[in-house]
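Top line first, the protein sequences correspond to chains A and B. For what it's worth, the working numbering labels the leading residue of the first sequence as 2, then goes sequentially. For what it's worth, the working numbering labels the leading residue of the second sequence as 1107, then goes sequentially.
Just so you know, the hints here were simulated from the structure itself, not pulled from any lab data. Ideal Cβ positions, reconstructed from N, Cα and C, are used throughout, including at glycine. Fair warning: there could be bad hints in the mix.
Unchecked claim - If the Cβ cut is set under 10 Å, some of the chain B residues that face chain A in the computed set are:
1. 1162
2. 1164
3. 1170
4. 1172
5. 1173
6. 1189
7. 1195
8. 1206
9. 1208
10. 1209
11. 1211
12. 1213
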Amino acid sequence: MKRRPLAALLLWLGLVIASIAVIVQTRFTTDLSAFLPDAPTAEQRLLIDQLRDGMVSRLLLVGIEGGDPQTRATVSRTLGEALRDDPAFVSVANGEAVHRERDQKLLFENRYLLSPAVNPERFTEDGLHEAIAESIDLLASPVGMLTKSLLPRDPTGELMQLLERLDGGNRPATADGIWVSRDRSRALLLAQTRASGSDLDAQQAAIETLRATFLRAVVDAGKSPAEIRLLLTGPGVFAVASRSGIQDEVGRLAIVSTSLIVALLLFIYRSPTALVLGLLPVASGALAGIVAVSLGFGSVHGITLGFGTTLIGEAVDYAIYLFVQSDNKTSPQTDGSVAPPAFWPTIRLGVMTSICGFAALMFSGFPGLSQLGLYTIAGLIAAALSTRFILPHLLPPGFAIRDVTPFGERLAALVKAAHPLRRALIVVALIAAGIVWVQRDTVWNRELSALSPVPDADQALDMQLRSDLGAPDVRYMIVVRGETPEATLEAAEAVGTQLDGLVDDGAIGSYESPGRYLPSQARQAARRASLPDAGTLEHRLGPATAGLPLPAARLAPFIADVEAARSRPLLTREALAGTSFALAVDSMLIAQNGGWSALIPLRAPTTGPHAQSVDADRVRTVLKQTAPDALFIDMKGESERLYSGYLREAAVLSCAGLVAIIVLLGFALRHPMRVLQVLTPLAAAVLVVIAGLVTAGVSLTILHLVGLLLIVAVGSNYALFFDNDTVASTPAPRTLASLLFANLTTVTGFGVLAFSSVPVLQAFGCTVGPGAILALIFSAVLVRPTCPAPGNPAR
Amino acid sequence: MSVVRFSRRLRSGLLAIWALLACPAGFAASPDWTVDRLMQSLSHQTSGQATFVERKYLAVLDQPVESSGELRFRAPDRLEKITLKPKPESLVLEGNTVTVNRGKKQYVVQLSDYREVAAFVDSIRATLVGDRATLERTYALHLAGNPDNWTLTLLPRDPRMAELVLRIDIKGSRAQLREIEIRQADGDRSVMEIAAVGAAQ
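All chains, please: the whole structure from these sequences, using the hints.
Structure follows, in structure tokens:
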């Protein structure tokens, strides 16, 4: 009678085929947005949107290094010129005055539509007198040299009004008309891509274009690429680099850890057949994991694939237990049925505790992590089931791996010898707890950037180029929304009026607004309507210039300009084309979720009681009273809140996972003391790992926290084998050997990650790797050498 | 005038600033009056403070605009021009950085960003510390008068400078500057009268 095994095998084969059918249809994604958190509030969504798609996400920061200053300037010019002609780039700035003439022409021609000072009072006799007198005073100042020649056309100084407001704050230093770093060792260039920051394929293409164009520019300048180097940073560069970096790394690490594990297994089994069979549960698990994620999420992330397989690496252990601990009696009987091996309940419990741990991942706010959670859970269940029901049938008759009993006996002797260390271990755990307690305020990293997959060196270069380019870190931003661009601009102007008051009070230093470059049609029309006709203006200028050194007769160009302005069409977005204002408007007035948003960044005052920091409370109060719909966003605060939200979520989920594990153990072991005995070595391992990381100066992130939970989940497998009542009083020598082998494969799988240059992977590696090995050692040391406590129900 | 000539205007504006910052005061005397002698006596001063009255004669206005305030110099490279009338304003040059404060606005400019201006300010600094070699890189120097009443005329050598400035006349008495007159290429001119604080008028 071979019906049962045949049915199981057929079912398994059917599932494998079905899985492959699903996998063939599965979409594999690689963009990193899965590892950006879902954002719960409107402010945070906006922040994430900005990080992902906003103007900031499209900037490429370029530094040109090496050679002499003239060569760098030449390369910068050639590069700038070529990129400006490339449709992949919206704008390229390197200090050359490409827009300046058109900018100034547009400002001057439209000064009566743009100047906030234009209103009916300004064109009365008194208003004109005051404005003209002011312009004459300005001539005494060196600043006035700028406006001297324009006085007959612009005696009220509207252009100066505009220039004062448009002054963009910090600008990069220039040399030979080209932006350079402060120490002059680099030429600088700022390019903005047309593609949004989340379109990684387009970003990658733009970056490649830029690199190729740079090489051509270097060759054109008669230099070798080794001499003149390109430094390139920016969100797009990071995203593309980390995409390929993580993919490369996951691939490379997977190969390294797989070969190490295979080598280890070959060493243990001494049998290629056993090796292939031993990997079967993992392979089944991986298939099940991909299918589950594909069905659950609609697509599978490349990282889930590479990384998840590492996480279900513990499935290799199941086969090890089976091969090492079972003797020939557990191979198929004549009737085809397989008696469950004695260790099966232990494995079952171990799988269930692992699942409790990974469930914490599944409920995470990071879609990427929840994919990992689902993948791992499905994978472990499939691996355990195939170990239990499929693998024994596949063992060839007379299958045996080399006997590890002698080795196990040596281990058992070691364990016995280690017993006196129990006290010392408790002391070590207490010291670790003390270290963690003392440093409890600095244990956690509270910056969102801690999750960034970008290596520190690249972040430092980015910071340096950014500060050289004078790109300010905008911390505070107001966002107003409207149905149409016009409604949004009007709302932005209303907020602007309030902000003007705050600027005067010194609560904020200045602000930017799209309305500054493109006022709403309503406001432009109002300004135009306040211009008097030529006759009236001429009539008023006589009295207005009385007592001033500028006679009205010299102001005929002014009268002509005002008359022309009265019939000038209102400024539109199209009219800004070819100027740098088009870019400014596009970056601050953006279509979003079916409506429009205006972004209004605030700058801190340089002097006064709020020097270097915006008076956020005042801004909030004013906005609440006058524009309750406007969002006031503290970018830094918001990202910290967002991150601490995730940290809290991770902490809650980890606690829930821990509680679930304890409850599970409570049910299975039926005695609190036994639960405590299983958990003590795990707790000690976790404490020592945290203390070690803290002492090494690592501040922990969400990923370390998840790693700690994995120590408990994986480590509980070992601890359970040392539980006095599950197996004999101390584990049999073979069990000990299999535990060590299983542990070595786990430590190899995770330990390899610790050498990753991607922070995310490294965090897991340096937590779980040492944690797993400590969990085993501590379980062995803490095991009670004596008989079970009296009264414990035997299993 | 076209608006697109701002940058040139700005340059000429800055040129005027540097000229106006030249405000040394000190003590030196020498009977044998040459450029070298003048430079030598100028080189002895390390700091100075003076008041100024400046008049700008502009073609566009019927009358000159007048401003007044204080000038300060501290060797090797700090110059301040504090205008009190008609509108308070301060202009400080230290090392490579120019800072202008006017009303609530602050403008910060790096001198090396403007090559012509840098050449010019080097010349002014060179005058203040008596560095003839630097001066002659940009200007032809002519000295007239006697130690008690001299005029140093700077004529730009560089054609790009000549587009902005026709000539600069610096008048003084011994190591004391009395007046700086700048004639611009567009016909406007400015005259700054300097009186050392505490010195007899």
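Can you list which hints this structure breaks, lowest number first? none
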